[in-house]
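Given chain A, put chains B and C in place with the hints provided.
Residue numbers (numbering that gives the first Met the number 0), protein chains in the order written: chain A, 0 to 348; chain B, 0 to 344; chain C, 0 to 307.
Simulated from the structure, these hints should not be mistaken for lab results. Where hints are given, some of them may not hold.
Think about it this way: if two alpha-carbon atoms lie no more than 30 Å apart in a straight line, the pair counts; the simulated DSS-like pairs of lysine-lysine are [stated by the list, open to error]:
#1 C:Lys214 / A:Lys141
#2 B:Lys295 / B:Lys11
#3 C:Lys202 / A:Lys20
#4 A:Lys210 / C:Lys202
#5 A:Lys210 / B:Lys267
#6 B:Lys14 / C:Lys11
#7 C:Lys202 / A:Lys90
#8 A:Lys207 / A:Lys11
#9 A:Lys207 / B:Lys267
#10 A:Lys102 / C:Lys202
#11 A:Lys29 / B:Lys157
#12 C:Lys11 / B:Lys11
#13 C:Lys202 / A:Lys207
#14 C:Lys11 / B:Lys295
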Amino acid sequence: MEHSREPLLTIKRLEVFFPVKSENLFDLRKRYVRAVNDVNLTVYRGETLGLVGESGCGKTTLGKSVLQLIPPTGGEVVYHSRDGAARDLCKLSRREMNALRAKLQIVFQDPYSSLNPAFTIYQSMADPLAKFGYRTREARRKVIADILTEVNMRPEYMDRYPDEFSGGQRQRIGIARALSVQPELVVCDEAVSALDVSIQAQVLNLLKELKRQRQLTYIFITHDLSVVEYVSDRIAVMYLGKIVELAAAEDLYRNTAHPYSRALLSAIPVVDVDRRKRRMLLKGDVPSPIDLPPGCGFQGRCPHCEDICRIESPELRRFETDGREHHVACHFAERFLGGAGRRGNGDGT
Amino acid sequence: MENGQDVVISVKNLKTFFYSDQRCNRAVNGVSLDIRSGRTLCVVGESGCGKSVTAASIMQLLPRLARIEEGEIVYRTGDARGDIRIHELRRNGRTMRSLRAKDIAMIFQDPLTALNPVYRIGGQIAETLLAHERIRKKEARRRTIDLLHAMGIPQAEKRADQYPHEYSGGMRQRAMIAMAMSCAPRVLLADEPTTALDVTIQAQIFDLIDRLRRERNTAVMLITHDMGVVCELADDVAVMYMGNIIESGTAREVLKTPAHPYTKALLKSIPILGRGAGQDIRPIRGSTPDPYDRPKGCQFAPRCDYRREACLALDERRELPPEERIEGAHMARCLFAREVIRDGT
Amino acid sequence: MLFSQKARFNRKLDRMRDAEFAGTAKRRRVRNRALRKMMNNRLAMVGLFVFAAIVLACLFAPVLTRYNPETPNLKSTLKPPSLEHIFGTDKIGRDVFSRILYGGRISILVGLGGALGASLIGAAVGSYAGYRGGWFDRITLRLSELFMAFPQLVLVLMLVTIVGQSMRNIIIIFVVTGWGSVYRQARARMLSLREEEYVQSLKAFGLSDFRICYKHMLPNAISPLIVNTTLSTAMFILEEAALSYLGLGIPLNIPTWGNILNACQDMYTLLNGWWMWLPVGIVISLFVMSINFIGDGLRDTTDPSQQG
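Just chain A, same shape as in the assembly:
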């Protein structure tokens, strides 16, 4: 899938650290949960950037901190608007940021808590619209009617309450709400994870269609690798607050480089009775992002771990495969990227 090379967001050295209370009075060290730990990323206008990882890797925190819903503790998030201006969102005042919020929207995961149960759909969507320029009731009702039709729902639904809708319908309403203010970027935070499998397909196809019609840019956060492959142009794999691999979707699946990405892919059950995979089972659990040892975050579980991995944290380095960028954060990336001709099956085998 082609996308422009025009950056929409430039994220540099982004950090989101949460202070942790020490367990006893005598422990005076300041400890932090390093939820997002030195992330560098560019989001290009018109692309869908997938952000994958398991729980605790920081992907949701990254998505929300880009929108300043969780204030970052360091780094910058530069937003390049259509008129050419480039602003660091982290440095904006609350009022300045609020003015930009129409352009940067988010769709949430849980369809059962993303709509106010005490309000009709119209009431839930009216205030944001009023804030962004739709001053009269008629204007707002028209916009809502239009956007509901676009997500394949009937306009009269706007006067109903959320509990009259199914999970899939509620999710579509959430999407309609985000799109009602004409954003440029939409962060989809596990937007289909809480839905039934057959409804996921509906919503995914809808998201793709809307993106095409409105020239949107998506950051698609999920833990489901099959889903992210279907929607994304590029995919970033996160582990313990860092990006460990970033590549075009095809390259990630066929030319997986980082050992964690490979383990992740191999852990996914395949929908094919004939193929019982040889699994790369990781030992142990995901470590806590609080007291991280020096060196690579994957050291305890990596089958290829060597001395240098325990000392030095690998940088996200840029490689090229078939003219496309492939970033890997591993000391032995060259070994795994393989030469020409080594193509995987796309599922870790």
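Quick look at chains B and C alone, frame taken from chain A:
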């Protein structure tokens, strides 16, 4: 003489209804299945299809406003107790309680809420042991530590004295499996045990369950909505929709040659790893009907591509399509099952 | 469950099932499920009836009695109940029935006013504190603890000495001592609501905190507060009665339920003038009990295990 594939639990025409708001919800509306020793039966379906209620019915763990209306659940003990008719037992009577954990064990989706946060893990497991076997506390503790170790929990001695919040999600699930397997039950019911866990941990847990099944010849009933898991683990499959099993058979039969339009449509609507962004995934038309406002005949008809005149006739008679036997154990509730198979995927 | 209870329960379920199958499961007469749950609770319905009866009686006092509650009539003092005076007369010839009715107005007003005032302030402050957190929350939390920790009687004594006795002041005192518990309830509810995704979505639109807190979130937190208000009303009525009985409440010349009791504090009246204190006592008890039953019924409406 028992061979590895005996039927341990036989469910026939089970109907479990939920009552609320002056309405009656037919959550399970005529389900028949067999759980066999040493084999994994996967019950697949989307939310609201009744798969969890089926398991809860077998364990008689239903809420107050629900009851088993019809049908039978028979547990073949294989020993002096003979066949126990579970549906006739009192919910919290002595017989039913003695069956739980000792003969039939269940593990749940969210290990955090399934374990008591104010008691130590070791204590909770030992409690189950002490309730069912005549052993002393010391013996119970020894066996607890062995169990935790067998389930892959490192430093079992130390871990046994910890509380659930000190365990990670994967470890809690292992602890729950340890508790479930502590009295060596013949049947394990697993209700979406890994939905709340990460993919890499999920792989470990399924590996564990499979290993236990092989080592102890346990009969496993695994409830899931993930078709990938079904492909990897299932020996037998039952697909549920709106309270009925609409297709069942061995995993190979059902997944390679689906005979019901719903199974087929479901398989076509999920993105498959490795097939890229260009794959054609087709959502199923429409949405799951309101259980209080069901279609009159075949429950899937409004969304079905194979809907014909004959289906309308069923509507009028208010009957479900009959079970159509195809080959061996392969069954589908569809008038056009053979045609569905012929059309392929 | 007892065997007979269980049999009845099963028969009820059978009826529901058969109605469902016959297609006659009725469109419920009362559409609102919460209302139906409440109507299922017989005590709550009785309470509602008694409450309404007493309130209406007090409201329509001029219609129900022709006597002025404050005018003494020294020609007919200490008369037991008769056709002329339903509850007899008191020491200075005032009709007890009319005193109960007119006194009820004040008592109920004080109780309700205090409860409403405490709830309004408690809810307003508690909601914002729970939603926003930070220094506002910390300060108001400590303040509420301060007010709640003070022994109430001591506080009342102090305040009565400083500001004097009047209906307005009593209501103020009740509000001051009562807002703390409503504050905590509202705050606790807001703490859990603020993690809901619709709240985060409103923040993502840049809406102001006040708007999010009071317009969008508060409607979801309000029902436990309403239950609390009804129960507080009952509590304040009792407190007013106690304070007036002690002479610390409403000035003695104005009839209130407590003041009526106040005048009965001697052995002679207790033994020989039962009509002066027994009817009032019963009315107070009935009123407070009925409010408690209503409060229970309201709580039932949010209970999912109740068959609605």
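_What's the verdict on Lys11 of chain C and Lys11 of chain B, does the C-alpha distance respect the 30 Å limit or exceed it?_
At roughly 26 Å apart (the allowed maximum being 30 Å), Lys11 of chain B and Lys11 of chain C satisfy the hint.
*Given the proposed pairing of Lys202 of chain C with Lys20 of chain A, does the C-alpha separation stay at or below 30 Å?*
27 Å, holds
_Pairwise hint evaluation, Lys141 of chain A against Lys214 of chain C, where the allowed Cα distance is 30 Å at most_ = 23 Å, holds
*Decide if the proposed pair is consistent with the structure: Lys29 of chain A and Lys157 of chain B, CA atoms, cutoff 30 Å inclusive.*
28 Å, holds
*asked:* Lys207 of chain A and Lys11 of chain A were given as a pair; does the straight-line alpha-carbon distance stay at or below 30 Å?
replied: Cα-Cα ~28 Å, so holds.
*Does the structure keep Lys210 of chain A and Lys267 of chain B at a Cα separation of 30 Å or less?*
23 Å, holds
_For a C-alpha distance cap of 30 Å, please report whether Lys210 of chain A and Lys202 of chain C respect it._
With Cα atoms ~24 Å apart, Lys210 of chain A and Lys202 of chain C stay inside 30 Å; holds.
*Take the C-alpha atoms of Lys202 of chain C and Lys207 of chain A, compute the straight-line distance between them, and say whether it is at most 30 Å.*
Given that 30 Å is the threshold and the Cα spacing comes to 26 Å, the pair holds.
*For the pair we were handed, Lys14 of chain B and Lys11 of chain C, check the Cα-Cα distance against 30 Å.*
18 Å, holds
*For the pair supplied as a hint, Lys102 of chain A and Lys202 of chain C, is the alpha-carbon distance within the 30 Å limit?*
It holds: about 14 Å lies between the C-alpha atoms, which stays within 30 Å.
*Given the hint that Lys202 of chain C pairs with Lys90 of chain A, test it: the Cα-Cα distance must not exceed 30 Å.*
Between Lys202 of chain C and Lys90 of chain A the Cα gap is close to 18 Å, so the pair holds against 30 Å.
_Agreement of Lys11 of chain C and Lys295 of chain B with the hint, judged by alpha carbon distance not exceeding 30 Å_ = Holds, at roughly 25 Å.
In this structure, every one of the numbered hints holds.
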